[in-house]
Amino acid sequence: MNPALVGVALAVVVGAVVAGSARNARSAILGLVVTMVAAPVLAEPTPAPLALAARLVGAVLAGYLLWIATRGDRLQTQGSLVGWPTEAFLAIAAAVVGFGSHGLGAPTDGPPLAAAAGFALAALAVLPVVTGRDILRIGLGLCLLLGGALLVRVSLGGTPDALEELMTAGLVATLGGAVAILAVAARTDGRPGFELSSTTTRRSSHGANAHPRGPR
Amino acid sequence: MSLVVFVVVAFTSAGLALGLRARPMATASLGLVGLVATVLAAVAIDPAQAVVVGHSGLATTAYLRIFLILGSLVGLGLTVAGLAAGTRRDAAAVTLAILGASGLTLGLVDPRAAVLVATAGGLFGVLVTLVPTDGRAGATIGIRETRAVVVAGALAIAATAWFGRDLSQLAAQPVVFGLAYLAFAIAVAIRFGAIPFHLWAARLTDVVPETSLPILMALAPASLAIVALAWTDASVAPLLVDLDPARAIVLAIAIASIVLASVAAFVQDDLEQVLGYSIVGDAGVVILALATLDPEAWAPTRTWILVFIVARSSFAAWTAGIRAGFWTGRVEDLRGWARRSPVLSVAFALVVIASVGFPGLVSFEARTSIVELALDGPMATLVLLGTLAPLAYYGRLLWIGLARPDRILEPIDAWRPRISPPDVTAMRRWLRTTWNANRAFSTASVALLLGVLAVATSAGAFEAPAAAAGLPPSLSIPSEDVAPVASGDLPEPQESSAP
Chain A
1 MNPALVGVAL
11 AVVVGAVVAG
21 SARNARSAIL
31 GLVVTMVAAP
41 VLAEPTPAPL
51 ALAARLVGAV
61 LAGYLLWIAT
71 RGDRLQTQGS
81 LVGWPTEAFL
91 AIAAAVVGFG
101 SHGLGAPTDG
111 PPLAAAAGFA
121 LAALAVLPVV
131 TGRDILRIGL
141 GLCLLLGGAL
151 LVRVSLGGTP
161 DALEELMTAG
171 LVATLGGAVA
181 ILAVAARTDG
191 RPGFELSSTT
201 TRRSSHGANA
211 HPRGPR
Chain B
1 MSLVVFVVVA
11 FTSAGLALGL
21 RARPMATASL
31 GLVGLVATVL
41 AAVAIDPAQA
51 VVVGHSGLAT
61 TAYLRIFLIL
71 GSLVGLGLTV
81 AGLAAGTRRD
91 AAAVTLAILG
101 ASGLTLGLVD
111 PRAAVLVATA
121 GGLFGVLVTL
131 VPTDGRAGAT
141 IGIRETRAVV
151 VAGALAIAAT
161 AWFGRDLSQL
171 AAQPVVFGLA
181 YLAFAIAVAI
191 RFGAIPFHLW
201 AARLTDVVPE
211 TSLPILMALA
221 PASLAIVALA
231 WTDASVAPLL
241 VDLDPARAIV
251 LAIAIASIVL
261 ASVAAFVQDD
271 LEQVLGYSIV
281 GDAGVVILAL
291 ATLDPEAWAP
301 TRTWILVFIV
311 ARSSFAAWTA
321 GIRAGFWTGR
331 VEDLRGWARR
341 SPVLSVAFAL
351 VVIASVGFPG
361 LVSFEARTSI
371 VELALDGPMA
381 TLVLLGTLAP
391 LAYYGRLLWI
401 GLARPDRILE
411 PIDAWRPRIS
421 PPDVTAMRRW
431 LRTTWNANRA
441 FSTASVALLL
451 GVLAVATSAG
461 AFEAPAAAAG
471 LPPSLSIPSE
481 DVAPVASGDL
491 PEPQESSAP
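Chains as they are written, first to last, in the numbering used here: chain A, 1 to 216; chain B, 1 to 499.
Mixed in with the good hints there might be a few duds.
[To be verified] Computed spacing ranges between beta-carbons, pair by pair:
#, chain 1, residue 1, chain 2, residue 2, range
1, A, 45, B, 435, 53 to 61 Å
2, B, 476, A, 105, 26 to 34 Å
3, A, 84, B, 22, 55 to 63 Å
4, B, 43, A, 84, 39 to 47 Å
Hints were generated in silico from the structure; no laboratory data involved. All C-beta atoms, glycine included, are put in the ideal place defined by N, C-alpha and C.
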């Protein structure tokens, strides 16, 4: 087994644990950036330089947009409800399952470490995506879920070609941008956090409120 | 390559429109110009081109061209209707970005790359969930939409990756095939907001302008559905393994969506929610097609998808016309609408004909074929009757429209165009006044035009059925005489000792 890949896989998982458990918004984003930057390298052979560059640009752009969205005085996100040690054990368990079930029944072109890291990321994404009550935390969970799916794809099908890497970079950047926009929008009411709204905006159906206007 | 031109035009226009979003009128104008440009770029697509990039690439087909022409036309129509009836400043940019992503999705030869772009296309929709007056509530709905799109994308990525390799030495049980197929089918169901994955889509109707709903709920997921259909036909359908349990789940989702969405649309009070559930119901037919696992469903399904997009868009334009003309979207408040707006009445009739159809109409036959390929015997008859359930909510709307009006907000001739003599000394003011005075008429006219387009698509115009029967994108030269076949590298059917 390539020791460098082991180190990269470790960085991916540690970053994901931080992203999934930190309460400080920017610490969580930093963890996510580490995961997103390291994940494209977790392939054998390593992607072509241009493809790798596109992935890195996509990851950094996503992280930068999220960083901008969390400008402010020590903004907090919901963080893990079970604590980082539990998250870490969950990631280790999932990684063992991913490593052991590599290929899911057929020979593959990708490294088993990608499967291990992919399963770990997917497992870490479950709690924020399913139980998150915070826009940023759900968004970070979705980034981890996407990262996990992409790593599983690498473990099954091998290193993606340049075109697919370019599309992947676009998707990662778009997701980061979408979560950043939603996070900024959530704070327009003056409240500091990213909690979900407890009320639902309902379209007005009566009289002048429904009268056509210019785009808003 | 002509598809690249389309994609560049769509994304550049979207980017410029978003860049100018601080000036709503400028961004709206730029969006309109961009949409006109995408219509022209779509018409200019050559349906037999291929570009090789590494081991993969982009290719155009006649179906891709028709899809993008119709998509661009309805996008343009809905944007104009939205400007007249009330919309979000980013609506045009979102439409452009989704059109660009759809073009790329349908042109990519490798389904593993196509699902990535289809997922990114779904994410652009969050921009129109943002409510100016309550950012947090809009963002809450937006993150739920994002969650649905990304979860669906992750399922599709995993499914296509599992099949997208050499499976000739497979030692897994058939259940793994079933799970991969189920994952992709559920991904499509989630994207369409099919029942039981409809909660995010139902909330979407609370904040998204009616003219953007078909773009988010029909056009964007449709490209993923077309990729899923091609992938299923090439990878799953040829397998001689027992997929019945997975297929039963997909059938259940499809039938629940077809029937229950019509019931939900019937009982809703807000027109936007009627529109939302009507989209879910028609999408159920697309999901039903994924359950057929029969290449015979290829052409009718792709034909139905075109009709679905255009018919739902014309219904959305009609909804916008109602809101602009009667100042309400509440069904109970619409007594007498049909008596008071002949243009909207005709548009409504066209919407019903296009979406429900009648025997002999291409869309009706396509839907019937899908149902008969998916189901047998009495169940097929019942589901076929279920596909006519939209008549119930259309009937309710018509019943209310023919009732005696219970309140008068506008003069009886308010539906007519009102054009005062132009004032050459103040043309801008005259234009603004004329536009404001004719918002209802403009929206109703767009609804009428989209209704005509929907009926034409339903009747098989634009050579849509022939295009729908063509091959999926391929880097080889397309041939009209070759039917879709499975790709290589598929496993030979083998005995399994697994329980």
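Status of each hint after checking the structure:
1. Residue 45 (chain A) and residue 435 (chain B) have their C-beta atoms about 59 Å apart, which keeps the hinted 53 to 61 Å range intact.
2. Remark: the range hint 26 to 34 Å for residue 476 (chain B) to residue 105 (chain A) is upheld by a beta-carbon distance near 30 Å.
3. A hinted range of 55 to 63 Å is violated for the C-beta pair residue 84 (chain A) and residue 22 (chain B), which are about 41 Å apart.
4. The hinted window of 39 to 47 Å between residue 43 (chain B) and residue 84 (chain A) is violated, with their beta carbons roughly 56 Å apart.
In this structure, the hints that do not hold are numbers 3, 4, in rising order.
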